[in-house]
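Just so you know, the sequences run in chain order A and B.
When we follow the numbering used here, the leftmost residue of the first sequence carries the number 137, and every step to the right adds one.
When we follow the numbering used here, the leftmost residue of the second sequence carries the number 16, and every step to the right adds one.
A couple of the hints might just be wrong.
Said to hold, decoys possible - Computed from the model, here is a short list of chain B residues facing chain A with C-beta under 8 Å:
(1) Gly89
(2) Ile138
(3) Asn141
(4) Ile149
(5) Gly150
(6) Ile160
(7) Phe164
(8) Val307
(9) Gly308
(10) Trp311
(11) Trp312
(12) Thr315
(13) Ser319
(14) Leu326
Claimed, not checked - Each pair of labels, with its calculated beta carbon distance range:
(15) B:Ala227 with A:Leu405: 34 to 42 Å
(16) B:Ala54 with A:Ala416: 44 to 52 Å
(17) A:Arg323 with B:Phe327: 17 to 25 Å
(18) B:Asp309 with A:Ile268: 48 to 56 Å
Think of the hints as simulated: they come from the structure by calculation, not from any bench.
These figures come from a predicted structure and were not determined experimentally.
Where is the CB? At the ideal position from N, CA and C, for every residue including glycine.
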Amino acid sequence: MTWVNSIVHGIFLGGVYALLAAGLSLMFGVMRIINLAHGSLALVGAYAAYVFVEHTGLSAYAAIPPVVLGMFVVGYLLQRTMLERSLRAGVLVPLLTTFGLLVIIGNLLERIFSPDPKSLNPGVLGTTTWQITGTLSISPFEVLELGVAVLVLGVLQLYLTRTRMGRELRATSEDPDTAELVGIDSRAVYARAAAIAVGTAALAGIFFGMRSSFDPSSGPTELIYAFEAVVIGGLGSLWGTLVGGIVLGVAQTIGAQIDPQYFDLAGHLVFLVVLLVRAAIESGAIGSTRGVTA
Amino acid sequence: MSSATGTGSVPVRRARVQRWNPLSLGFCCALVGLVVALAFVPVVMSENAMQKLTTLYILVIMAAMWNALAGYGGLVSVGQQAFIGIAAYGAIFLGHQHTVEPFLAMLLAALIAGVIAIPVGLIVLNLRGGAFAIGTWVIAEIFAILVAFDSKLGAGTGISFLELNFFTPRHLLEYTYWSALGSTAVLLLILFILLRTRLGASLQAIRDDEGAAASVGTRVMLGKGILFVLAGLGCGAAGALTLANQLFIQPDSIFSVNYSALMIFMVLVGGIGTFEGPIIGAIVLFVIQNEVGDHWWYYTLLGSVAIAFALFLPRGLWGTVVDRYNVRLLPVGYRLRLLGGPALAKSEEPEPAAD
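In isolation and in its complexed conformation, chain B is listed as follows (with noise of 0.2 Å):
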């Protein structure tokens, strides 16, 4: 603010909007290179390692995909596990009853949890807060219910993946870790450019004052819809991921509320409403999840810490260094950089979601 009441008096004062700055396009180079590097992980690495960074991907998934419906559209789920468990069983559904190809009905699966999200979405986007939280909620019983009657689908007692046992463990692993991989990449890329276009400045407006924001011709339901439906693709990957990383599957366990427990978790730790925390939040709970995930405290852990960073430091951890350093390594909005003078504002990376 000094520096915007410094600049007052100078009648003109030529400014420019920036997006890149060398520190961020840098970032993005490496972040590139890590994502090739990482390819190569299943030549060097041991099948325990792989299967843990697959796990690790899947929850970047799923708390980058939360943090999109939360931190951007103002839309706080309690229910993405359906879409977790519509493409887990959609999977098999197709790679076991209809004999497609595991990998191929794991793909199609996640197109169809996507697929899902647009009537599911015209029925519960009409709904606002706690309304919108348990009407997801309640959807996800609903499809959980509907499975455990389908008796070819295991019912309530699960059913195992037999496709995948046609790989060898080695093969499985690695075009799993890749596919989780791949799937990571895609999705986050697609994130990235969404909230750099036009709808993404719409959808914050649209989080930040619905009713202003519709005064002023944003297409809110539509806004919305992209990233419900957005969000359902994710997590649909992410449950078929979870299939190939588990090879079996029970309704209660895959359609488990514990999963938006950690979506929460890794948002609220990382940094609600900010592209790189979410990331951040899904390494703390990996790490956490393979130091303690077997204490039967776990949860009570979880929850507590999560309650903490929401009342206590709302920008979670990420939010709070670009609060403090004002940098931000993948930029999806734009600052206002006055010519000869430092950067003014920081006009994206809005408050926290939560006003």
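The following block holds chain A by itself, in its conformation from the complex (with noise of 0.2 Å):
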């Protein structure tokens, strides 16, 4: 019976990682770029929500909506200010400068609230809980948490498929210059693109500090989280990425279960299998996709 818990645990913790991988996927799928800053941008989101919180009393659900719109502001001028230049500057470059964002970010963070771990409360919600069964139990948190999770990659897979902007998105990551072409405006494209992704990072970074404690290291921790989430669940398709946060989470939860030190190695270690058994699967097909793969 503990094994189903770790494993209904596991799919809640894998929401937080579909959150935080929702927008490193959208971007992915854009703009062709890993932002190796995702994870920090989101524990920047987590460390605003703190401020808000410790300023104003209120609980961390109200900093949510002003976090989440100026981490919006924030992925718009991050864009259109340096993502833009590296992105002209060639397809390693957007690399050289995330990286460099992350290290700034993570030494500014420390300096500004000292390597001592924080956490955002989740309020009455995080300390009540439902017992189903004799000895599975959940709390209303975590299935708040899936459920943003789900709704935020649903709107964002309608907003993608449904309306005008999200067809200029899709046409723009198929092809700029065509894109161009036909009248749209591929900067404005790629702007909206990021200003969602850090958006949406934020407010995943906001969920995982009400999960677990964060400190101004977490951000290459939950970078890694939600590449492997991408990775494991496929790139560029965003149910797929949800799948991969919860086989990701569920992976971490037994893993655990096991042993409470194994939580990231098993993680890590299924990411790794999913990359093993692509590679195994491309190189069999070789013959016939080389052309398209090389």
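Combine both chains into one complex, guided by the hints.
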């Protein structure tokens, strides 16, 4: 029964990872870049919520609208200033500049907030539990977390498939030059995608902070979780990202069930296994797809 | 370009492919002289100076190895700290638990790091761009976690290389200094020779366009694999030397992603994809480290400067010098010199890895 417990909690944990990964997946899908500062920006969201709570005395949930809106703007500006220039400079340059950003954010957060761990209070939702069976109990906070993840991913999916902006986004990701020809402003499209990515990252960062404590070095950890979720689920698919997050979460909680220190290791190993299986499939099919993949 | 168009009307023009010129030959001789002179530093210099120079050599190794991956192979790794940590802990494992002579243990540990790079490469070299970057990072995290499990290796709290205490402090510093100088010279020489072979040219072809390189018969995986193993070996050497220089290591610090930050800084500042650039970058970082390394904003400075170079001076300090004055001190490519005319082309020292 403890195993069922770990699996159920792993599924809920996967919700946060999916939320964290959604923006990473979107930016990779549209701009073909991996933003190495993604986890650090999520962490900035968590710290911003922390400051909000400290100053206003309101709950951490009340911090969500202003922080997410603020990070929307941050994402937009980040794209318009640093990332846009990086993209023009070459395919590897965005990796270098976003890594630089990761280093700077970590350093500044450590200066401002000290290396001590902080946490956000999930309130009464986090302390009450619903007893499902004799040994299985879940908290409303976990349900909310997964619900928000599914909602955000669903809205993003609808946005991409049903709206004009979404169509422009997809067109730009397919072929930015042709998209420009039919009147799409690809720079605006990229900036919008970056804004959404950073905004959702901040949302995920806040939920992450309510679930467990965070410190200035948590950014890279959150990046790695998000990236693992994206890769496990398969690049370029939002629902895949949800599945990837859940697989990662379940792997971690099952690992932790065996021994608490296996939590991270189990997640990393599942990620590696997925990579190896993918590589094997690709090399098996290399005769027919070489021209495409090479 | 002007000389190229100018010669277009001449029917036949004799040309010579040139690699060395008097300047670069002279520089290489001077460099050999410098290495020999540096070998005598322990005779005349203080222990403090020796330790600092050892740190500089370690930085040079790390920068050259990261540049080999990114500048010549187009592989941006943020996980080279895996090999730094593997070799440092490998040396302790061999020297402490299996009573191998300490400096032999360090050498073997660096080689082990190179061997471990083979299976790691088989996994991560299938990945591209950002996926490769984070893939290498996850691997480094896995090794850090595994080391932290092992209580014989000090678990998470760290361990000292006690065997090194059998040397007098002065001797230890001298041996470490010579090992660092020797490793730097050997690794740079291997890289120099490697880049001058056919493989060097094919590597740059892979970096510039992997698909096109594969289509003309370049063995993409082999080329990348050789670079990755060399970088694993080199970072291993850097890790073993760091252990000897610090005597104490912890999984969190020796497997820290900050090493990647240092490597990226040095290579971007010095000049990515040039042979000489990373050495200059290492010297710049060495000076910064000594001047402001203790300030809280040290990493903010490194990050900001690295971003600024990536965006505004993508060829770095040395690359900019090369572009302006067309000099090469350590030539790894060829130049076509038209007889009776100026040098025509710079066939090598490619555009920055970034395109």
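So, going through the hints one by one against the coordinates:
1. Gly89: This interface hint holds because 7 Å falls under the 8 Å limit.
2. Ile138: 6 Å, holds
3. Asn141: 4 Å, holds
4. Ile149: 5 Å, holds
5. Gly150: 7 Å, holds
6. Ile160: With Cβ-Cβ at 5 Å, under 8 Å, it holds.
7. Phe164: 7 Å, holds
8. Val307: 13 Å, violated
9. Gly308: 13 Å, violated
10. Trp311: 5 Å, holds
11. Trp312: Interface hint status for B:Trp312: holds (7 Å vs cutoff 8 Å).
12. Thr315: 5 Å, holds
13. Ser319: Interface hint status for B:Ser319: holds (6 Å vs cutoff 8 Å).
14. Leu326: 5 Å, holds
15. B:Ala227 with A:Leu405: 34 to 42 Å: With a Cβ separation near 36 Å, B:Ala227 and A:Leu405 satisfy 34 to 42 Å, so the hint holds.
16. B:Ala54 with A:Ala416: 44 to 52 Å: 49 Å, holds
17. A:Arg323 with B:Phe327: 17 to 25 Å: 20 Å, holds
18. B:Asp309 with A:Ile268: 48 to 56 Å: 54 Å, holds
In the structure shown, a violation is registered for the earlier hints numbered 8, 9, in ascending order.
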